[in-house]
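**Q** Guided by the hints, dock chain B onto chain A, whose structure is given.
For reference, the chains in residue letters:
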Amino acid sequence: MSGRSSVEFLSRRKFLGAAGVVGAGTALAAMPAVAGSEKPDPLITEVQDWQRYLGEGVDKRPYGTPSKFEKHIVRRDVAWLTASPESSVNFTPLHELDGIITPSGLCFERHHGGIAEIDPANHRLMINGLVDRPLVFTMDDIKRMPRVNKLYFLECAANSGMEWRGAQLNGCQFTHGMIHNVMYTGVPLKVLLDEAGLKPNVKWLMLEGADSAGMNRSLPIEKALNDVLIAFAMNGEALRPEQGYPLRAVIPGWEGNLWVKWLRRIEAGDQPWQTREETSKYTDLLADGRSRKYTFIMDAKSVVTNPSPQAPLKHKGRNVLSGLAWSGRGSIRRVDVSLDGGRNWQTARLDGPVLDKSLARFYVDFDWNGEELMIQSRAIDSTGYVQPSKDELRKVRGVNSIYHNNGIQTWLVRSGGEIENVEIG
Amino acid sequence: MSKLVERFALLALVGALVLSSVVPSPAQQVAARHAASSASAKLGLGRPALPEEIKAWDTDVRPDGHGLPPGKGTVKQGDELFQAQCAVCHGEFGQGVGRWPVLAGGLGTLKADRPDKTIGSFWPELSTVFDYIKRAMPYGNAQSLSNDDVYALTAYLLSMNDIVKDENFELNEKNFRSIRMPNASAFFGDDRETSERRFWEKEPCMKNCRGAPKVVGRAITVDVTPDSKSGPKVD
Chain A
90 MSGRSSVEFL SRRKFLGAAG VVGAGTALAA MPAVAGSEKP DPLITEVQDW
140 QRYLGEGVDK RPYGTPSKFE KHIVRRDVAW LTASPESSVN FTPLHELDGI
190 ITPSGLCFER HHGGIAEIDP ANHRLMINGL VDRPLVFTMD DIKRMPRVNK
240 LYFLECAANS GMEWRGAQLN GCQFTHGMIH NVMYTGVPLK VLLDEAGLKP
290 NVKWLMLEGA DSAGMNRSLP IEKALNDVLI AFAMNGEALR PEQGYPLRAV
340 IPGWEGNLWV KWLRRIEAGD QPWQTREETS KYTDLLADGR SRKYTFIMDA
390 KSVVTNPSPQ APLKHKGRNV LSGLAWSGRG SIRRVDVSLD GGRNWQTARL
440 DGPVLDKSLA RFYVDFDWNG EELMIQSRAI DSTGYVQPSK DELRKVRGVN
490 SIYHNNGIQT WLVRSGGEIE NVEIG
Chain B
37 MSKLVERFAL LALVGALVLS SVVPSPAQQV AARHAASSAS AKLGLGRPAL
87 PEEIKAWDTD VRPDGHGLPP GKGTVKQGDE LFQAQCAVCH GEFGQGVGRW
137 PVLAGGLGTL KADRPDKTIG SFWPELSTVF DYIKRAMPYG NAQSLSNDDV
187 YALTAYLLSM NDIVKDENFE LNEKNFRSIR MPNASAFFGD DRETSERRFW
237 EKEPCMKNCR GAPKVVGRAI TVDVTPDSKS GPKVD
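Chains as they are written, first to last, in my numbering: chain A, 90 to 514; chain B, 37 to 271.
What the hints contain is simulated information worked out from the structure, not anything from laboratory work.
Keep in mind the model is a prediction, meaning the values are calculated, not measured.
We put the beta carbon where it would ideally sit given N, CA and C, even for glycine.
Be aware that one or more of the hints could be misleading.
List time: in silico PhoX-like cross-link candidates among lysine-lysine, alpha-carbon distance up to 25 Å [unchecked claim]:
#1 160(A) to 232(A)
#2 382(A) to 147(B)
#3 78(B) to 279(A)
Chain A regions said to be covered by chain B (calculated; three or more residues, Cβ under 8 Å) [claimed, not checked]:
#4 215 to 225
#5 335 to 344
#6 366 to 376
#7 498 to 510
Extracted from the complex, chain B is given alone in its bound form:
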């Protein structure tokens, strides 16, 4: 802290010395300020992002292949990586351990009473798998996987979900876009303002709006609420 103060003091001193020889008159200062404020929107804040900096952070991948890095990995390689780094949470076959996400199976369950939303049964785009593993996995050790590792793991997830059958299959930046996810066509954009138009058209009833209500379900019989009588211990 005191070091910082010293540095500021030094900077101020240097600044004063430098400026003393070239300091503009008050009139010049006003003119310069006026010119700056009437210039177009630019504030002149921030600095150019360097190519190395953009490369370090810009790892995102889109469905059209934008951002897909060069690299490759096979199902077999992915299997090894998965068992070593992922299975502890996701299970040997992607079945999920405890409440950790299930990654495989569930095909054809989306209309069922209890849908099983996995990469294979639900995710519409393969690029999402690559983008997410690259930025966030393994949980607690993010951004530690190479691009080849991510290709291999993505290939293994395709295999676990029966989207590719051959364990020697190699996923790379060239064949990546040829993979179609089973549920790709089942998504549509927000249409609530037309499909739920009735919620705008209803004049709210005020009197005698319905028959006698009956209790048909009670939270206390489900009994999953944390004990509300006391909060957690707080010091």
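Only chain A is shown next, with the shape it has when bound in the complex:
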């Protein structure tokens, strides 16, 4: 309702396309009637219930949740993807979010053996292997160590993995929703390792979860000592159970599978373990039959979240195009947007903090007169990496890689405002 009034208000504005592809002065059916000829809005002229009667008092909602009008904004799964919900994934509703922080309850989930529900009093973290002193820490111990706060994106390596052979899922929640961006509070892993004392020949660590999958991954020691955190909080409160409560690894810029949740053990060693998740999974099969392994870093990537198939254009005239960009190698330097399928590009406006290994938010304020658009975005990171097209990526990787698909996404906007995930040639 308020949406409709804002359309009519905004649609009085100019209609010149932001990218220069929209014809100026095109007659629009949605043009509002002259002011004064409409009936008064009863939402203004009549006293509404919420204006007359008392609302709920404090403590009715001791832990606040979103408005009942926002109930449809939830994580969603794609049931056919996996054999069981305990070893599965769901997706962040990117098209319903703004800014760069993902609300904790909307961060996508990926479990290999369901959510481990652990009383923090019963949680232990062990460090063993090639160390001077194998140690056991309680959560209390960890919370007595010097801590830091960092905002990082976590992207599953399989994000967009269903799209290698062409457009498959019709919504950015499903094509790009295996990503979230939250503020972590935790202890640098180096602090913990210093307590145990690494032997000089340590080259790799193995991180292991306390869940029923005992999720384990090998991590090069250089990364471990550089910026890895052992986190106990996200967005200012304890980790959510589905995000590894009470303790998880934070491996900035690297694929989500390495960010072991419910972290219970770190073993120091002189070579990688070749665990299931770093051999049979999370390796990238190329067209020649060989497979790339240890592809930890997430390449620069972006997606337009609005408009997108789940968030169609409802109004001619003024609109906001919005999206997210990120890079595992650093920060986002620039994002370009095309409205004509990659023929012409304009540089989007980055707004809000643009941080290292964090999501960045971009906008293009544009006018739409009902013509067909092919919307794309292209991220450029601080190392100069330019997000490739899907075809450029297929040329060097084939279509069987599953992981690390960071190709440019195309949304087709039809004249009625409906939007489709399409592949263009």
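**A** Structure of chain B alone, referenced to chain A:
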């Protein structure tokens, strides 16, 4: 909760009684704090991990045999275990039931249009099989198998994948490292920064970058997207 509070109160009382006789002067306290902060990195947090504790959790196995426990099991024994505990998901012959993982077959398909990535056709190391079964299988009843069970199941998986032919074959900690997996040599380390160098070298085009784009594929014709009109019911 109240019990916990009581215990804290009691501890505080005991602490106060003990400390009252030996409490250092404020000056001594400052000196001690200074000494602690200027000492080397150690915080003095955590406690030594006991050998029994390390043994209980440290079950991981590496390709070089690190962590491989003593034990043994034959293909035949593995077959029995597999049919009883694994076949419900993975199928009698490891062919996979529904969307559960396929464990056998697929040899020579990695260059095919639809590769079949199984233990035999894809996994580079046998130690991965042992490590994973030991920690995570059977699904929903993890860490319930003995080391001999895991040796037997691993032997059966080798047999299903024709890597060993003899059903009397026994896998143990001594011959484990002699097994070579068919796809072992087909993996290489991340080289994207050289093999995909072109993604850094390109000056992004801004105007008239390509011809008119044509739609060549549409997600809605594939029709595999969950209904997006309404979310699942949330109370």
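**Q** Are the hints correct? Go through all of them and say.
**A** Cross-check of the supplied hints:
For a cut-off of 25 Å, the pair hint linking residue 160(A) to residue 232(A) is broken: about 35 Å separates their Cα positions. Under the criterion of a C-alpha separation no larger than 25 Å, the hint pairing residue 382(A) with residue 147(B) is consistent with the structure, at around 17 Å. For the hint linking residue 78(B) to residue 279(A), the alpha-carbon distance of about 11 Å falls within 25 Å, and the restraint holds. Beta-carbon proximity to chain B at under 8 Å applies to 8 residues in the segment 215 to 225 of chain A; the threshold of 3 is reached and the given coverage holds.
Counting residues of the segment 335 to 344 of chain A whose CB falls under 8 Å from any CB of chain B gives 0; the rule of at least 3 is not met. With 5 residues carrying a beta carbon less than 8 Å from a beta carbon of chain B, the segment 366 to 376 of chain A meets the three-residue requirement, and the given coverage holds. By the rule of at least three residues with a Cβ nearer than 8 Å to a Cβ of chain B, the coverage given for the segment 498 to 510 of chain A holds, with 4 such residues.
Hints 1, 5, counting from the list given before, are not met by this structure.
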